[in-house]
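Asks: Each chain, written out:
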Amino acid sequence: MTSRIILFILGFITWSLLNWALDWQHIFIGVIVSAFVAYMTGDFFVKRTHLFTHPMRYLWFLYYVPVFLWECLKANIDVAYRVIHPDLPIHPGIVKVKTSLKSEVAITFLANSITLTPGTLTVDVDQGNGYLYIHWIEVKHKDIEKATKDIVEKFEKILKRIFEE
Amino acid sequence: MINIVGFVFIAVGLFFDFVGCLGLVRLPDVYNRLQASTKCITLGTCSILFGAFLIQGATASGIKALLCMLFLILTSPVSAHALARGAHRSGVKLWEKSVIDRYEEDRQKQ
Chain A
1 MTSRIILFIL GFITWSLLNW ALDWQHIFIG VIVSAFVAYM TGDFFVKRTH LFTHPMRYLW
61 FLYYVPVFLW ECLKANIDVA YRVIHPDLPI HPGIVKVKTS LKSEVAITFL ANSITLTPGT
121 LTVDVDQGNG YLYIHWIEVK HKDIEKATKD IVEKFEKILK RIFEE
Chain B
1 MINIVGFVFI AVGLFFDFVG CLGLVRLPDV YNRLQASTKC ITLGTCSILF GAFLIQGATA
61 SGIKALLCML FLILTSPVSA HALARGAHRS GVKLWEKSVI DRYEEDRQKQ
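If you read the protein sequences in the order shown, they are chains A and B.
All residue numbers for the first sequence refer to the working numbering, where the first residue is 1 and numbers rise by one.
All residue numbers for the second sequence refer to the working numbering, where the first residue is 1 and numbers rise by one.
To be clear, the hints were calculated from the coordinates, so they are not data collected in a lab.
A quick note: this is a predicted structure, and the numbers were derived from the prediction, not measured.
The beta-carbon is built from N, C-alpha and C at its ideal position, and this holds for glycine as well.
One thing to keep in mind: the hints can contain errors.
[Unchecked claim] These stretches of chain B come out as covered by chain A in the derived footprint (C-beta under 8 Å, 3 or more residues):
id	stretch
1	1-13
2	33-41
3	60-73
[To be verified] Residues of chain A clear of chain B, computed beta-carbon distances all greater than 10 Å:
id	residue
4	SER3
5	PHE12
6	PHE45
7	LEU51
8	PRO55
9	ARG82
10	LYS102
[Said to hold, decoys possible] Here are the simulated lysine-lysine pairs, BS3-like style, with alpha carbons at most 27 Å apart:
id	chain 1	residue 1	chain 2	residue 2
11	A	LYS96	A	LYS74
12	A	LYS96	B	LYS93
13	A	LYS149	A	LYS160
14	B	LYS64	A	LYS98
15	B	LYS64	A	LYS140
16	A	LYS154	A	LYS74
17	A	LYS149	A	LYS102
18	A	LYS154	A	LYS98
19	A	LYS98	A	LYS74
20	A	LYS146	B	LYS93
21	A	LYS160	A	LYS146
22	A	LYS140	A	LYS98
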């Protein structure tokens, strides 16, 4: 039930932003549509609804956004440099890293963040053992521990506070 | 003033989109090409949309540009991941000068 209410609120906010006209016709249709969507698909939207009640998680999420944007900008400058450089300075390869995150949402966020940050692209996830296979455009470390330290750690600490514990 | 900042954002976005497309042509294999296209084109397009938002202000089209940014950031890494995984599973080899391939090793062990 809580999951349906959360989906209803999110759907209604998205609808209102898309229309950006607060007259009663738009609001009326928006309520009907988001209530229908929430009723039909709300069951599997969020599984652990208690996470939405902790205010600290929202603050950590707000902290995560600028960290992520900064890494994303660095990634772009790095890749742009490699592409424009006449010799193509790349040493690509697929490395394996370990993560201690367990929940699906946290691993999804981690994999997506890794894809958008310097020279790394998530190829596959092994959720049972907590391994991620990552294509790295400039392989610096081949063993698991050092690669984990370079790629995963800066996001893992924050994501753990947002989605787990 | 705000118009000038918006145009600067659009120019930066165009530059990154150009670099992304250049990477798509220059880099050697599908995984490296995905790297260039995902990162540069996500940031470039987001930057163009943000510039459009700054020029339009908080109107209907400006807010739509912001929502497009959000959806782009959510979906583009997922599609890159799906493409890379699909390519590796269907046997696309890495570039011959690649350093290491742990994924291949682990899949052969299974």
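Asks: Against each hint, give a clear statement of whether it holds in the structure.
Replies: Status of each hint after checking the structure:
Only residues whose beta carbon comes within less than 8 Å of a beta carbon in chain A count, and the stretch 1-13 of chain B has 0; fewer than three means the coverage is violated. Only when three residues or more bring their CB closer than 8 Å to a CB of chain A does the claim for the stretch 33-41 of chain B stand; here the count is 6, and the claim holds. Remark: the stretch 60-73 of chain B is confirmed as covered by chain A, as 6 of its residues place a Cβ nearer than 8 Å to a Cβ of that chain, reaching the required three. At roughly 19 Å, the least C-beta separation between A:SER3 and chain B is larger than 10 Å, which holds for a residue marked as non-interface.
The beta carbon of A:PHE12 is kept farther than 10 Å from every beta carbon of chain B, the shortest such distance being approximately 14 Å. The Cβ of A:PHE45 sits about 15 Å from the closest Cβ of chain B, beyond the 10 Å cut-off, so the non-interface label holds. Non-interface call for A:LEU51 relative to chain B: holds, since the shortest CB-CB distance, roughly 18 Å, exceeds 10 Å. Under the 10 Å C-beta cut-off, the non-interface status given to A:PRO55 relative to chain B holds; the minimum distance is some 22 Å.
With a least beta-carbon separation of about 8 Å from chain B, A:ARG82 fails to lie farther than 10 Å from that chain, contradicting its non-interface assignment. Distance to chain B confirms A:LYS102 as a non-interface residue, since its nearest Cβ pair spans about 19 Å, more than 10 Å. Proximity of A:LYS96 to A:LYS74 is assessed by CA-CA distance (about 22 Å); at most 27 Å being required, the pair is judged to hold. Between A:LYS96 and B:LYS93, the direct Cα distance comes to roughly 17 Å. Compliance with the 27 Å bound is thereby established for this hinted pair.
Pair hint A:LYS149 plus A:LYS160 holds up; C-alpha atoms about 15 Å apart against a cutoff of 27 Å. Between B:LYS64 and A:LYS98, the direct Cα distance comes to roughly 38 Å. Violation of the 27 Å bound is thereby established for this hinted pair. Distance hint between B:LYS64 and A:LYS140 is unfulfilled; the C-alpha atoms sit about 41 Å from each other, more than 27 Å. For the proposed pair A:LYS154 and A:LYS74, the alpha carbon gap of about 14 Å is at most 27 Å, so the pair holds.
Note on A:LYS149 and A:LYS102: the hinted pairing holds, with a Cα-Cα distance of about 18 Å set against a maximum of 27 Å. Restraint check for A:LYS154 and A:LYS98: the C-alpha separation of about 13 Å stays at or below 27 Å, so the hint holds. Note on A:LYS98 and A:LYS74: the hinted pairing holds, with a Cα-Cα distance of about 23 Å set against a maximum of 27 Å. Note on A:LYS146 and B:LYS93: the hinted pairing holds, with a Cα-Cα distance of about 25 Å set against a maximum of 27 Å.
Straight-line distance between C-alpha atoms of A:LYS160 and A:LYS146 comes to about 20 Å, which keeps the hinted pair within the 27 Å bound. For the proposed pair A:LYS140 and A:LYS98, the alpha carbon gap of about 16 Å is at most 27 Å, so the pair holds.
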